[in-house]
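Colleague: Use these hints to put chain B onto chain H, whose structure you have.
Listed below are the residues making up each chain.
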Amino acid sequence: MSQKDNESLKEDACEPDENDQKTEETEASEPDGVEPEPVAMTRKRPEAKTSEHVASQESLGHKEKILESSLSDGSQTGWNYWGSWGKSLLSTASVTVATVGYGISNVIEKAETSLGIPNSTELHSEAKDATEESQHFEEGNTHKGEAESLLPISGALGMLSTLSAAVQNTGKTVISGSLDALEFIGKKTMDVIAEGDPGFKKTKGLMNRNSTLSQILREAKQREEQQQISTDVSMATEKKSHYGLFFDEFQGLSHLEALEMLSRESESKVKSVMSSLSGEKLNILKVEVEQLKEAFSLAEFCDDEEEEKRDEEDFTKEITDLFFELHISTKPTKLTQARNSTCELVKSLRVQTVKADKPDEGDGQVDSGDAGQGDEKSVEDIHTLAIRSLAELTAYSIEVFHKAAELFLHGQKEEVLAVDRAKALSQMTIVLCKELSSLSKDFATCLTAAGMEEKADVLNPLITGVFLEASNSASYIQDAFQLLLPVLQISHIQSRTELTQF
Amino acid sequence: MPGIGAIGARCRHRPRRRPVHEWESGGEASRASGEGALETAIWSFQFRLIVLGDSTVGKSCLLHRFTEGRFPGPRHAEPTVGVDFFSRLLEIEPGKRIKLQLWDTAGQERFRSITRSYYRNSVGGLLVFDITNRSSFEHVYDWLDEGKMHAEPFQIVFILVGHKCDLETERQVSREEAEELASNCGMRYIETSAKDAINVEESFMILTRDIYELVKKGEISVRDGGKG
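The listed protein sequences correspond, in order, to chains H and B.
Counting along the first sequence from 1, when you hit position 272 you're at 272 in UniProt numbering, and nothing is skipped either side.
Counting along the second sequence from 1, when you hit position 28 you're at 28 in UniProt numbering, and nothing is skipped either side.
Incorrect hints may have been included.
[Stated by the list, open to error] Residues from chain B shown here face chain H by an in silico Cβ test under 10 Å; the list is partial:
1) Val-81
2) Val-83
3) Asp-84
4) Phe-85
5) Phe-86
6) Ser-87
7) Gln-101
8) Trp-103
9) Arg-112
10) Ser-117
[Unchecked claim] The following residues of chain H were derived to be distant from chain B, with all beta-carbon distances above 10 Å:
11) Val-270
12) Ser-275
13) Ser-278
14) Lys-281
15) Asp-314
16) Thr-336
17) Gln-337
18) Val-419
19) Glu-453
20) Ser-471
What the hints contain is simulated information worked out from the structure, not anything from laboratory work.
Glycine included, every Cβ here is placed at the ideal spot set by N, Cα and C.
Next comes chain H alone, as it looks inside the complex (with noise of 0.2 Å):
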């Protein structure tokens, strides 16, 4: 991919001086500290060439290459789809050490837990002060020094999804400016990482970090405009069916962000409501907030063994009365609808594949895509009608989680037991998913119904991403109920307040 990518960017670039730019590309990593260009580039950049930026170079931008060439080698050959969920899980790193952005000691602390490494107390002494530092250079700064540093810093993030980029994000987001504080914590980052996660294996791990789903959407999305971008230049009729830009298009990634700033709020205000406490009281509260937490380990759902497809009316109904329990004034109106015009999607290409047979009867079809080729579907279409579909219905659903959040945190009091929220919600969860899961069989089916000519090195990946995707989304909105845990215990602290003068 970043050879292709590579290539296309360098016939597509509108200056025509191209060869000025390669030089400057060349030079342009020399004089300052903060140049971001060798990170944006990555995937561009051949090996060799960084290997010798890092030997002549002594800064930042350097010091981070080394971090990266150092750990590029899985990372960037096995996750260049964004579709995998490996890669995803990487991004969480990066993205969980970057979260924060206010200061160091959080980042390292966060990097810290998130790799399980012990020894926190010195590193995170000396990581104030860094961030000390930084900040004097900061101030000294701010003015013109901000837009300068920081515009070019922001063109080299997002596209960064290893780990290595994490030591990179953090340093580069946290303290713009301060080289030596940025190279120390990088080094240092770096070694953790490397002692720590030698193998990376215990990423995984960090996807419970769910507090930055949103951003490895937002990741996600921007590198799929860009390949986007890049195809596009040529190709307008090129039409995305890219999961993450769908996700946003229906505001899912807004839903997302919004979600996760009330349950960060929550989080802290129940921290700090308990080391309010102490004795009896405390002890109490731990009791009842453990409980909210065991209503939200989700029962392993299992992948329902071809229960017999449930039809419209089931998912509607059921969906509003687990809703109905929550107790609060909104409707899932929105989710239910489209997916029953999901269903009614699925139908319709249905039928255009018994159709198939005889070409000349091609009506009947739903005409919200943009086929461009009469009424029939390719399998391209299709695939992009599921994955838009997918995408959809998560966007809808987060929603739905981000307005219940929002309602129990202010809306009406009700007579309702935060449990039992919880309970609820829970089903929900289990309900979407298993719609998701029983929608990309759907979908699966139809691709595979329609796609009888094509080659099966066309088909596969077509019918793999859909399930990708369908897997993915599950796991968003899984991310997305696990978001709600803190929301819902403060509500319930909240109520116990009310009711008791606690």
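Modeller: Here is chain B on its own, set in the frame of chain H:
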């Protein structure tokens, strides 16, 4: 340091597709190197704008008009719950597109505490009142204070929007006093109508341009897309 400092989501630079900005003079422009083609990027910045104002002043309608080009009509009038989202690309000058992520907040008092959680993520805000509703105008100060307070330590660029200007006959707030209030608070003022599509584009355009100018000057720092 008011107005300075990188904050997650407020204002985001397009990563990896850095257009060549004349103002990123020096290294940056030349560094764009092989990515020149990407000048045609979909967008180069994302601004997060929050829309504030009393209930029923027409915030959601304004956003529907702006993002979908249609007026939802009175029957659509379900009050917003918490916050809703819209987004749109805006071309502020040829080739320079900015993605606006619009946070449509609930005006209802009971949601006030929710919306508070969201201020901090916005770089700009539309402060909307209904020119036919005196009290919505009087509450502008409250909204402004609230916005400023909860956005701390960051600064939100506001524009004052007098909405429903199609209902001239029912006007309760004169243009002059609205302008005065706006200038007292260092805001611009514009009158709009989502129903008749008057000044809707303009209001967002003005605000976006103002923010963009500040970003250019470095008074608002930019955060890249990988962050929030």
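Colleague: Each hint: holds or not?
Modeller: Hint by hint, here is what the structure shows:
1. Taken as an interface hint, Val-81 of chain B checks out: its beta carbon lies about 5 Å from the nearest beta carbon of chain H, inside 10 Å.
2. Of the supplied interface hints, the one on Val-83 of chain B holds, with its beta-carbon coming within about 6 Å of a beta-carbon of chain H, less than 10 Å.
3. For the restraint placing Asp-84 of chain B at the interface with chain H, the shortest Cβ-Cβ distance is roughly 8 Å, inside the 10 Å limit, so the hint holds.
4. Here the hint on Phe-85 of chain B is kept, as its CB sits about 4 Å from the closest CB of chain H, short of 10 Å.
5. With its C-beta approaching chain H no nearer than about 8 Å, Phe-86 of chain B sits inside the 10 Å limit, and its interface hint holds.
6. Evaluation of the Ser-87 of chain B hint against chain H yields a held restraint, the C-beta minimum of about 7 Å falling below 10 Å.
7. Among the interface hints, the one on Gln-101 of chain B holds; its C-beta lies about 6 Å from the nearest C-beta in chain H, closer than the 10 Å criterion.
8. The interface hint given for Trp-103 of chain B holds, since its Cβ lies 8 Å from the closest Cβ of chain H, which is under the 10 Å cut-off.
9. Here the hint on Arg-112 of chain B is kept, as its CB sits about 8 Å from the closest CB of chain H, short of 10 Å.
10. Restraint check, Ser-117 of chain B versus chain H: the minimum CB separation of about 6 Å is within 10 Å; hint holds.
11. Annotated as non-interface, Val-270 of chain H keeps its C-beta farther than 10 Å from every C-beta of chain B; the closest such distance is 15 Å.
12. Every Cβ of chain B is farther than 10 Å from the Cβ of Ser-275 of chain H; the closest lies at roughly 21 Å, confirming the non-interface assignment.
13. With a closest Cβ-Cβ approach of about 28 Å to chain B, Ser-278 of chain H is found to remain outside the 10 Å limit, as its non-interface label requires.
14. Distance check on Lys-281 of chain H: its Cβ is at least 25 Å (rounded) from any Cβ of chain B, clearing the 10 Å threshold; non-interface status holds.
15. The claim that Asp-314 of chain H lies off the interface holds: its Cβ sits roughly 26 Å from the closest Cβ of chain B, which is beyond the 10 Å cut-off.
16. Every CB of chain B lies more than 10 Å from the CB of Thr-336 of chain H, the least distance being 16 Å, so the non-interface label holds.
17. The Cβ of Gln-337 of chain H lies farther than 10 Å from every Cβ of chain B, with a closest approach of about 14 Å, so its non-interface assignment holds.
18. Every C-beta of chain B lies more than 10 Å from that of Val-419 of chain H, the closest at about 23 Å, which supports listing it as non-interface.
19. No beta-carbon of chain B is positioned within 10 Å of the beta-carbon of Glu-453 of chain H; the least distance is around 35 Å.
20. The Cβ of Ser-471 of chain H lies farther than 10 Å from every Cβ of chain B, with a closest approach of about 24 Å, so its non-interface assignment holds.
In this structure, none of the earlier numbered hints is contradicted; all agree with it.
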